[in-house]
Amino acid sequence: MKHIFSRFSFVLGCLALLSATTSQARAAEGLVIPQFLEETSSAGVDSIYRGDWQYMVGGGAAAFDCNGDGYPDLALAGGEGKASFFVNKSAQAERLQFSRFDSGAELERVTGFYPLDIDGDGVMDLVVLRVGEITLLRGLGACKFERANEQWRFKAPEAWWTSFSATWERGAAWPTLAFGAYIDPKSENNPWGSCTDNVLVRPIPETKGFADAIPLKPSYCALSMLFTDWNRSGTPSLRVSNDREYYEGGQEQLWHVNAGEPPRLYTDAEGWKFLKIWGMGIASTVLSGEQHPSYFLTSMSDNKLQVLRSPPDGPLKPMYKDIAYDRGAVAYRPYTGGDLRPSTAWHAQFEDANNDGFADLFIAKGNVDRMPDFAEKDPNNLLLQKADASFTEVGDVAGVASFANARGGILADFNLDGLIDLVVVNRRETAKVWRNVTPDAGRWIEILLADLSSNRDAIGAWVEVRQGEQIQTREITSGGGHASGQNGWWHFGTGASQSVDVRITWPDGRVGEWQTATTNAFYVMSPNDAPRAWTPAIRAQ
Amino acid sequence: MSGYPNFTSKILKTLLHLAAVFLWLTSLGFASLHAQTAGLTSEAVIQKWYTLSLALIRHTPTYSPPVASRSLAYVGVVTYEAVASGSDRLQSVVGQLNGLDGLPPREPGQSYNELIVLEAALAASIRDLFSNTGPSGQQAINRLSGELRTAVTSAEPDAASVERSTRYGEAIAAHILDWSRKDGGAVIENMGFPWTYSLKKGPEHWVPTNPLSRQQQVPLLPNWGNNRPFAMPTNTECALPAPLPYSEDPQSAFYKEALETYQTSKALTPEQKAIAFFWTDDAMATPTPAGHWISIVLQIAQADRLPLEKLVDVLMRVSVGMADAFIGCWHEKYRHDLLRPITYIKRVIDPDWMPFLLTPPFPEYPSGHSVQSGAAATVLAAVLGDPYPFSDKTRERDGAIPRNFTGFIAAAKEAGISRLYGGIHFRTAIERGYEQGRCIGAYAVALKTLK
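As given, the protein sequences belong to chains A and B, one line each in that order.
With positions in the first sequence counted from 1, the corresponding number in our numbering is that position plus 1393.
With positions in the second sequence counted from 1, the corresponding number in our numbering is that position plus 131.
Simulated from the structure, these hints should not be mistaken for lab results.
Check the hints yourself; a few may be wrong.
Computed list of lysine to any residue pairs in SDA-like fashion (alpha-carbon distance at most 25 Å, straight line) [as the list claims (entries may be wrong)]:
no.	chain 1	residue 1	chain 2	residue 2
1	B	404	A	1668
2	A	1610	B	529
3	B	397	A	1704
4	A	1579	B	175
Only chain A is shown next, with the shape it has when bound in the complex:
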């Protein structure tokens, strides 16, 4: 026993030394460390993701503006309990304030939320993932929602729904929806190998409704899905991250989803390589120096950061290299708190937390359910991206290293001060809210896309922000993360740049002109229009 204790002490000592050394290294690199202030209690957010076995996954959040004031409002999954809806009452650049609101989205058995203007009426709708039914809620305005499954002829089988993504296929007025299912809830005695079918739901042309769901066979217990134009061909494919814990013979998946054709899997012959992970979340970004999206895949222990490495000749193949370890983004075990066991990662999202022009990576962490071989004190990560596209951990010094049992989350600018704030949903504990108060952050720009088509929010567009030689590129997607999604302002840090050039490639392929915009400002952008500056209304807190 003494021997074990001594060894533990030695390892902890080494970690403490490493942590101190790392902090010094970060300071020497001149990195701006983001500063987050937890405001859960004062912000008025009290929502717990409750439940036992069927709620060990899920626990999502949605952030979007439901009342036209520009401030992102919040829907939080409640699991076995009721979901919660909070209207954002924050004043610009002030502390975060939310008010619980009876929106119609307070359903039970909710695992996740994604905002999407399904019917193209300019009012955000909500996709609600549940244990049992998928519920589509039509936005009525003023943060009110009504059930729309029947109205939109939406039918999907009952299942344990855990993931979602949407795209507008070429020429379609309504979105194509992909839903990922988990274990067969009836297979409690032997859940392994019981993954139920994911489905693809396409709209019926010329109508306001959906066709019957198409099963995506084989399905391998999908905990995250993302329509993404991985090769910038103009046609997104569907990435699916699957939980190896429950599938048999499964792997990570990439589906061709071409208009008018049945979905079909990318094959080994096409370059898609076999990978088995405890897939729980997908985050995408275009890393510095890359031309195409890279994908961070959360898992247990080692996480993956995949960059496209297609052979130089011929058409692009979906061949990826895992650079997580090389770039310091493997995040395989806690970096603070003394628990040395491997981590369990869920929601992940790239956002620029210090506005230096490089998207950083937030990872929500938490034990599945008191699994003794994995860390129980498992802090969330905040990995700062450096100019060379490597990452360094700052979660502890930034103030977001919560040991609550995290699942989903959202990074968004909730008080419209140009700094990315944070909400994390926790299992059996209340969600936590952090305000970004970084004093010496860089400048920023936030862009709202307003397409003229029925795809109002321009899902599938690409936003480029140019400052000197550096171009930040962002694919506008709906899906991914862990049961969590957002829609609205898209944030870019711009460092010291007083102005930047912005260009939009719209979902139909039209490439806009480079438009100059002053930083530290909000802009609404539509095709063929100059960026329209927007300012939040002044309101007292």
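Please arrange chain B on chain A, whose structure you already have, making use of the hints.
Coordinates of chain B only, in the frame set by chain A:
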């Protein structure tokens, strides 16, 4: 080796099997301990708990192959002792297995329900050995335990017998689990990867082979070879000579073996690929090598209706033999600490080479699958006979086509050579590994189980 047996071999198999069963039953006086309650037999209880155990091995992150072999051995001993304690013909292995002393006795003059004893013992041992499995595994254990408990107790009218039998089954499990905690393998931290480890210097020594995994920059379970063996007297009993001397000279034997692995991997036939995949037995994706062989036993037990006492005898012996094989093998792996083919071939022959299988994160010599398959086949051949044609569907749900074997020795040799096809071993590690397994398995064969 594998192949679909023709009609003659099927008849031969049937005759051989009938003869073996007949002789064994004769030795037992045709009596049977077979217990049955409301259609639930002892054999069915064993099949159900073992089937769940194999699923738990696959879905519990600490269950690397050595760890799986250890747990299966303890479950095997518990199962055996639970049945043997109520048998006039089976004798306990107390005193034969290292460190296992007297089991709690039954109360004289009292009756016991054998099915309840067995179920209680299995439930208690599996609950303990898989206490670290995830929430789904815990739920599955609770469900199965509840279902079986209801089934086995509902048909027993004597409440005192139910209580007495339950307590006794649990006492057997508790005693054996207590014995298990002192063997050196009870605590697995960091999924088996040591917190600190110094790589040996020298080109011949193991270096990490997975540059993508932070965890695998140190080798798996470097001290496993120091665990207390089960039936083998010491962990050095079947030690191996040193591997071929390391050399990068194209004329050297070492280079030639590496070249064989390399060239084989570059020209794999579909059959060789199928063999490599069939025997991968990777942690967290399969029941591991030891679980694969247990699965073979369970399939044979069901297909050939092995009598209960034979079944528990085989399960105990084969799992003990495999657990000892992993201990002996791991002792040699870290004594010689040889590099993997991927390291040597990339360094010396072809920097762009990739093997067909993922290279496991520990030293090469000897081949673990060869050692433990050699041990398993030695036990099975001794107890059930060889040749013994059988079909193996263990990997069917993972997409592998079932394979047919003429016997256990043939299957073990195929498991061994699969590692060369997979590009993760040199031939010497396979051939000597198999011999080490044969040597270690003989200790399990030597256990005396019949009174």
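Against the structure, the hints:
Note on residue 404/B and residue 1668/A: the hinted pairing holds, with a Cα-Cα distance of about 18 Å set against a maximum of 25 Å. A hinted pair counts as satisfied when its Cα atoms are at most 25 Å apart, and residue 1610/A with residue 529/B qualifies at roughly 15 Å. At roughly 20 Å between alpha-carbon atoms, residue 397/B and residue 1704/A fall within 25 Å of each other, so this suggested pair holds. Distance hint between residue 1579/A and residue 175/B is fulfilled; the C-alpha atoms sit about 23 Å from each other, no more than 25 Å.
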